Amino acid sequence: MAESFIHIERISKSYRTRGQEFLAISEATFDVEEGELVSLVGPSGCGKTTLLKIIAGLHPFDSGELRIGSAAVPFDPSRDIGMVFQQPLLLKWRRVLDNVLLPAEILGLPMAESRARARDLLALVGLKGSEDKYPYELSGGMQQRAAIARALIHDPKLILMDEPFGALDALTREKMNLELLHIWREARKTILFVTHGISEAVFLGTRVIVFTAGPARMADNFQVELPSPRTLDIKTQEAFGQYTRRIYHLLGME
Amino acid sequence: MDSTRQPWNPGTVNRYAAAVISHLLLIVAWQLFVVLGHVPQFVMPTPLATLKSLAVPNYRWFDNSMATAVEIFGGYFLAVVLGVGIALLFSWWRWLEVLVMPLLVSLNMVPKVALGPLFIVWFAYGLGPNILMAFAICFFPIVLTTARGLSEVEPDLLDLVRTLKGSRLQIFTKIQLPGALPYIFSGMKVAAILAVAGAIVGEFLGSDKGLGYLMLQVQVTLDTPAMFMAVILITVIGVVLYGMVLGLERVLVVRDARIR
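Chains as they are written, first to last, in this note's numbering: chain A, 264 to 517; chain B, -10 to 249.
Hints may contain errors.
With a straight-line Cα cutoff of 20 Å, these simulated EDC-like cross-link-like pairs (lysine to aspartate or glutamate) come out [claimed, not checked]:
hint : chain 1 : residue 1 : chain 2 : residue 2
1    : B       : Lys163    : A       : Glu394
2    : B       : Lys163    : A       : Asp361
3    : B       : Lys154    : A       : Glu394
4    : B       : Lys163    : A       : Glu488
5    : A       : Lys396    : B       : Asp245
6    : A       : Lys420    : B       : Asp197
Quick caveat, the hints were computed from the structure, so don't treat them as lab data.
Bear in mind that the values here come from a model prediction, so they are computed numbers and not experimental data.
Isolated chain A (complex conformation) (with noise of 0.2 Å):
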């Protein structure tokens, strides 16, 4: 079997808050192939953005091994990881299409080319003709495109997103799911989703990871087998329901 893109074996962290040891992670194990949209599912304070903020190369880890990249698919941390957060923290003081740039312009990238990468990524994200304006213009759903669009501008191999759609309305949130596998199949990443939505989760995800708190542990990792691309209609399906079933009953929640 080939290598695959991401492996992560044994990877434990702990934090010290007043002198009291708290497991944020214990021991989480999973390989992500190249080209998956993998969900991170898991209530809050299972270790999921810690997680993903040691993926990120943001946090240490205490044991375990993480490696990113492969013979086939190598990978430089500096360029290929692209971020998105609950918050669309985009910069106030510049347009949109500015907002996008911004990775491009700490990375060096040369600039036209990567204005006119921004205008079809804007495009891609159901934002052509917003360039211009600034973030206040928007709502927060189109802002979260817009943090999409950032994301990927320097066309980095790994898109790391945080509870995207958190924030928004539950009528937005399902449209932007939509909207996200409509970016992942076109711009053809690996996706590494975060979040506390269980029925999100299986819809988005290739394969779905439960993360359990208190202790914080990984407890399940399964391949989703539905039909793609997927659409709202196989939320009615039964194979849709066993598989949110099943999380809901690792979470102890039936």
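Chain A is fixed; fit chain B onto it per the hints.
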């Protein structure tokens, strides 16, 4: 479209017109109050009598106005440059902030007005002590708001830059400084008002020129119209300074980011 439910939104022209009207109304009310109330001139002169005081050459209105303007603008400019400068140093060297900020907070508690006599001892009568007074009184708000603005950076945004291995200078120029601008301007607006008060207090405490100095001179002769005129000119200088700051803010800060 049903416009009756829309909140009333006056246009720019209407806003300016309204501002002019309210100012004119105040002058009319002033005139009526004095005339109908038979208020003696040494208590409150009419607007016209106030204006006429400009004709007294002895009062050297132009020179005195310029002196006060130099004090206000000079002290203010110094405070902005040094205040923003020190806050920038704080953001670069956290230990400096930890060391110096408590001292600044203590010094801010010193009543600046009480230092006036000392300033005169150090710098002798003239513009110097009054520039220093204007500076002392508006320096702290600028340091405090700028430091606050520079420290208000979304941690996730820093993470985003870190995943791209962005440099500290990039974080500073692309995120920290533009993000702090609204705070800097909010401090500068407060400071603009304080600078005027500082310069005039300085002149009251001891000076040989300026509109505050002139007020003390004409107070002795009960030339109330001239005192009124001096107050009006001081206000005009303040309005010019404030207007310049607002204008600069309009150019540099996106509308949504402005702090009112």
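Restraint check for Lys154 (chain B) with Glu394 (chain A), where alpha carbons must lie at most 20 Å apart = 26 Å, violated
Is Lys163 (chain B) close enough to Asp361 (chain A), meaning Cα to Cα at most 20 Å?
-> 11 Å, holds
Pairwise hint evaluation, Asp197 (chain B) against Lys420 (chain A), where the allowed Cα distance is 20 Å at most = Roughly 72 Å separates the two Cα atoms, so the pair is violated.
If you draw a straight line from the CA of Lys396 (chain A) to the CA of Asp245 (chain B), is it 20 Å or shorter?
-> 12 Å, holds
Could you grab the alpha-carbon distance between Lys163 (chain B) and Glu488 (chain A) and see if it respects the 20 Å cut-off?
-> Violated, because 44 Å separates the two Cα atoms, which is more than 20 Å.
Straight-line alpha-carbon gap Lys163 (chain B) to Glu394 (chain A), limit 20 Å = With Cα atoms ~19 Å apart, Lys163 (chain B) and Glu394 (chain A) stay inside 20 Å; holds.
Hint compliance for this structure: hints 3, 4, 6 are not met, and every other hint is.
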